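First to last, the sequence lines map onto chains D and S.
Each residue of the first sequence is one higher than the last, beginning at 1 in the numbering used here.
Each residue of the second sequence is one higher than the last, beginning at 1 in the numbering used here.
These are computed hints drawn from the structure, not numbers from a lab.
Heads up, a few of these hints could be off.
Claimed, not checked - BS3-like, lysine-lysine: derived pairs with alpha carbons at most 30 Å apart: (1) D:Lys122 / S:Lys68; (2) S:Lys158 / S:Lys212; (3) D:Lys122 / S:Lys158.
Said to hold, decoys possible - Non-contacting residues of chain S with respect to chain D, defined by C-beta distances greater than 12 Å in every case (computed): (4) Ile75; (5) Leu151; (6) Glu207; (7) Gly305.
Owing to the predicted nature of the structure, the values given are computational and were not obtained by experimental measurement.
Ideal Cβ placement from N, Cα and C applies to all residues, glycine included.
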Amino acid sequence: MKTILDKQQLQLTILRLAHQLLENNLSLKDVVFIGIQPRGVEVGVKIMECIRQLFPDEKLQYGILDITFYRDDVRDELHVANTTDIPFSIEGKKVVLIDDVLYTGRTIRAALDALQDFGRAKKVELCVLVDRRFNRELPIQPDYCGKAIDTVVSQKVKVEWDKEAVVLY
Amino acid sequence: MQLSTKHLLGIKDLSREDISLILSTATQFKEVLQRSVKKVPSLRDVTIVNLFYENSTRTRISFELAEKRLGADTINFAASSSSVSKGETLLDTVNNILSMKVDMVVMRHSASGAPHFLAKHIPAAIINAGDGINEHPTQALLDALSIQEKLGTLEGKKVLLVGDIMHSRVALSNIYLLNKMGAEVMVAGPPTLIPRHIKEALHVRVEYDIKKALEWCDVANVLRIQLERQNQVLFSSLREYNLAYGVSRKLLDGLKKEIVIMHPGPINRGVEIDSDVADSDQSIILQQVENGVAVRMAALYLLAGNN
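Can you build the whole structure from these sequences, using the hints too?
Here it is as structure tokens:
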């Protein structure tokens, strides 16, 4: 077990991601944020909190998306479906997808498929807390990345919110 | 997380966890059905045949919609317009269909136990869409989802099944499900339409006085009088049945509380239920139909992933 980000580093990283998102999007009027179920939601909530503190007057649009029904391994393993709640239109908007760990890229592939059913976004970007680079199975890369790490397949990366740390097993 | 069974033959075979899993998955599918694109690609590699050996409107359309909204390919089969009329047996018909690479079978049949027989002889997953007077599991599941949405939970709720209990597969599936989920069940109707020993066999309350029964319950599920299954005279006339056991506005207005009214359809207006009750705000009959698609999507999705 190895700690990748401790409590303080995790807070700083999330704050940096919030800053980078604001840096690239001076107005958030046409930007919507979508956390991917189940574990991207908490990352999204933390980033939203940071943005809200930096710009209390900005109206934030934050939704959550479950990609269970869009997985490419439905027949191999059943996953329990979670809530999807996108209470706004994404048509013509810039969508920032938020997830905790980017690994094979298959979740993001499914999320891109799912997004299409909600409308035609002007642009889609990806923001992740941890990027397990060199393990990708699809051509997908993050636009905003908390920390890039090198891992082997047998290892596991977990964001533990109760301890506020990112751990490598 | 998966279902404990390979087929959905009846609620009798399901565990409490299975039922909860189907209902929670159905809730997620309800959200899918609110989207502008009401479709997900989960079952796009699956082919499903709908075998209807008995007439149906709601169930057949509901299953077909559910299958299409999961991206599955579907074939519809009605016994009346098929080689069944030339004398082909059930097993031959199904084996011929399966040899064309069909993965799942949704079947309605007038003989109780027909889907159980098939399950023993064919490799495909089977969903029972109603077999004779035995079970109609997806109807009980959609009834449960509708009650849960209206009252928050099934646990401890008092559910009344009124009418033709004897010939109703909806009643049997509902009794199994409600008992497993911790609801209290009462059946009411004329003594000729309530099986003897049902109280001990299925652990339900029995009441022959409709007024008392309605006074007891939170939800009344009014069942259709199944004239097509009755081969002897069990009550003198439909008019007399309506006077004695029909759920009327007057009866409901005389109660101390407002109860929820359900009906699995098709409704015999003016027989088991009066129009002004069926169409009132108390009735959730159309919500039941809406929930039917989501529940069937959940059942198909969970069974397809259960290899």
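Structure-based check of all given hints:
1. D:Lys122 / S:Lys68: holds, 29 Å
2. S:Lys158 / S:Lys212: holds, 13 Å
3. D:Lys122 / S:Lys158: Not OK: lysine 122 of chain D and lysine 158 of chain S at ~51 Å, beyond 30 Å, violated.
4. Ile75: holds, 20 Å
5. Leu151: At roughly 21 Å from the nearest Cβ of chain D, leucine 151 of chain S sits farther out than 12 Å, so the non-interface label holds.
6. Glu207: Since the minimum Cβ distance to chain D is about 39 Å, glutamate 207 of chain S lies beyond 12 Å and the statement holds.
7. Gly305: violated, 4 Å
Consistency note: the structure conflicts with the earlier hints numbered 3 and 7.
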